[in-house]
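Chemist: The chain contents come next:
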Amino acid sequence: MKLSEAADAITSRFKEVITATNEFRGELTLTVAPHALREVGKFCHDELNFELLLDISSVDNYDYEPRFEVVYELYSIVDGIHLRLKTTAMESEPSVPSVCDVWPGANWHEREVWDLMGIRFEGHPDLRRIIMWEGYPYHPLRKDFPIEGKPSEVPEGTFSEVAPLGGGPFVTIPASTNAKNREPRARGTEVAVHTEDFPQEP
Amino acid sequence: MSDRQPYAYDSKIEGNIIFTRLDAAINWMRGNSLWPMPMGLACCAIELMAAGASRFDIARFGAEVMRFSPRQSDVMIVAGTVTYKMAMAVKRIYDQMAEPKWVIAMGACASSGGMYRSYPVLQGIDQLLPVDVYVSGCPPRPEALLDGLIRLQKKIMSEDSFLEQKKELLAAL
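Line by line, the protein sequences give chains X and C.
Just so you know, we're using this note's numbering here: the first sequence kicks off at 1107 and counts up by one.
Just so you know, we're using this note's numbering here: the second sequence kicks off at 11 and counts up by one.
It cannot be assumed that every hint is accurate.
Stated by the list, open to error - As a list, the in silico DSSO-like pairs of lysine-lysine whose alpha-carbon atoms are at most 30 angstroms apart:
hint, chain 1, residue 1, chain 2, residue 2
1, C, Lys-95, X, Lys-1249
2, C, Lys-101, C, Lys-22
3, X, Lys-1256, C, Lys-165
4, C, Lys-22, C, Lys-111
5, X, Lys-1256, C, Lys-176
6, C, Lys-176, C, Lys-101
7, C, Lys-95, C, Lys-176
8, X, Lys-1121, X, Lys-1148
9, X, Lys-1121, X, Lys-1192
Everything labelled a hint here was simulated from the structure, so no lab data went into it.
With the hints as extra help, turn the sequences into a complete structure.
Modeler: In structure tokens:
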């Protein structure tokens, strides 16, 4: 089966829930309404031989609504074709259905998305954090989370503090004006940087 | 055989007696058989392994007995990035080590957080443990670790271990 045939099969069967179809350089992306995601996934897995779920990732479109996108990369080993499914989640209590019973490999991927982006997966058998520790109160890959972190403390557990971004042994004074603009936050405000002293780029 | 036994000089045992302070003897013994607790957490652990292998051979400095039990080790070599998730485990292992104990922070990450200026990484293991020697490098070469080890040995040699112990004992009474 070719990718176009698979796309036709999905779009003809799930006409109402496919909200967008995008093809770019031979890669097909279907946007699915969140309530129908499990159904579409099951159809892809059972009928179209997309037996391999390569990855689940998520996107934070901060300041836009729906804020979150969850992206599923499907692959058919039999046919050698690749399909991408997308679904969306709203900012307040973001949640999408779990596909763990369709692809068991989705388990840890969904835990990772929950841990770092804070999107719940309804029906997941064991939705715990996977990278950050149990009890950590934030979801650090969200756009409104600062890279230096936030202080936290878990009783009888570990803690976290704000990492200093200014100064330190790994911050160099760059040799060009471009590099200066590359990392403005790392330098801190107390270090005087005289841009006129930098040699100009050829 | 002469009828008079020498009482001040015996050639059989003369070479086997040394006179020294107790502190110096204890420190000499401690410093030259440091059993490391290899706390390998990242790529620094590879260099730590290289320091233990034949080319660099940490056994030349008496520290080849890597103990994976904290109860049998003297010096914890924190080799690698300490995340907050791992930090309490490192502290717990350190707490289980018997006194006297020392800590080497190997590499930039263990010393200061290194290039990981971000939310999951502890900015230097010295926030939790008393570090004796910091080894710079990312990762440090095995020679650098051996240099750190020699510096730690020098530090141990200069300690007043017995005297301090006695003072603590007297203070506790």
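Chemist: Hint compliance check: list the failing hint numbers for this structure, sorted ascending.
Modeler: Of the numbered hints given earlier, those the structure breaks are 2, 3, 4, 5, 7, listed in rising order.
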